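Q: One line per chain: the protein sequences are A and B, in this order.
All residue numbers for the first sequence refer to this note's numbering, where the first residue is 1 and numbers rise by one.
All residue numbers for the second sequence refer to this note's numbering, where the first residue is 1001 and numbers rise by one.
Treat the hints as calculated values from the structure; they're not laboratory data.
Please read all numbers here as calculations on a predicted model, not as lab measurements.
Be careful, since some hints might not be right.
[Said to hold, decoys possible] Computed list of lysine-lysine pairs in DSS-like fashion (alpha-carbon distance at most 30 Å, straight line):
#, chain 1, residue 1, chain 2, residue 2
1, A, K20, A, K64
2, A, K20, B, K1045
3, A, K64, B, K1102
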Amino acid sequence: GAVVSQHPSRVICKSGTSVKIECRSLDFQATTMFWYRQFPKQSLMLMATSNEGSKATYEQGVEKDKFLINHASLTLSTLTVTSAHPEDSSFYICSARALGGDEQYFGPGTRLTVT
Amino acid sequence: RKEVEQDPGPFNVPEGATVAFNCTYSNSASQSFFWYRQDCRKEPKLLMSVYSSGNEDGRFTAQLNRASQYISLLIRDSKLSDSATYLCVVNPPMLYQLTFGKGTKLSVIP
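Please work from the sequences and hints to get the whole structure.
A: Below you can see the structure in the form of structure tokens.
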């Protein structure tokens, strides 16, 4: 149980384009989903927390107009990186927290390369 | 003081060795504690939750000392497959977010 999927697993895009990443909880309902970013040899950095049906809460320094988050259902959250730049190239990982639980379960991540 | 601090590593140990990782956290009101492992270029995976009474899962033992704000992970009889980065993770009070340590890299050598 507690499986989280992410799509796509890898994407290469040109500078200035937008990329959408999907995060799905497959066998449980996730009231809260989280989006992280991890640069090489760095720890995971929380970007935003998204609750189903409400606006996401962004961490300090994360531009909400650049990283659009939509949590339309209890099993799906999307992150759209708008007007991507090479410095946005990173490993983006989502996680989901089940209702009443403390643990977070992570998706397999999306490796974004902006050329 | 950083919110979650871990041994910097890397730890290079032979197969069969016992290895211990330590972690300290700054928020004394933190409620939940976890160890995750992360393989290279992969997502973190929950290894075990850490309880006040300590808990064991096979070769892995986790301990929590709330007075010292200290968490440990002991791995006995190390296997090659244990090679990974081990992340100490804390759930601050009143928040759903997790706070991650930078991780300690373990390499188990044949």
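Q: Which earlier hints can't be squared with this structure?
A: none
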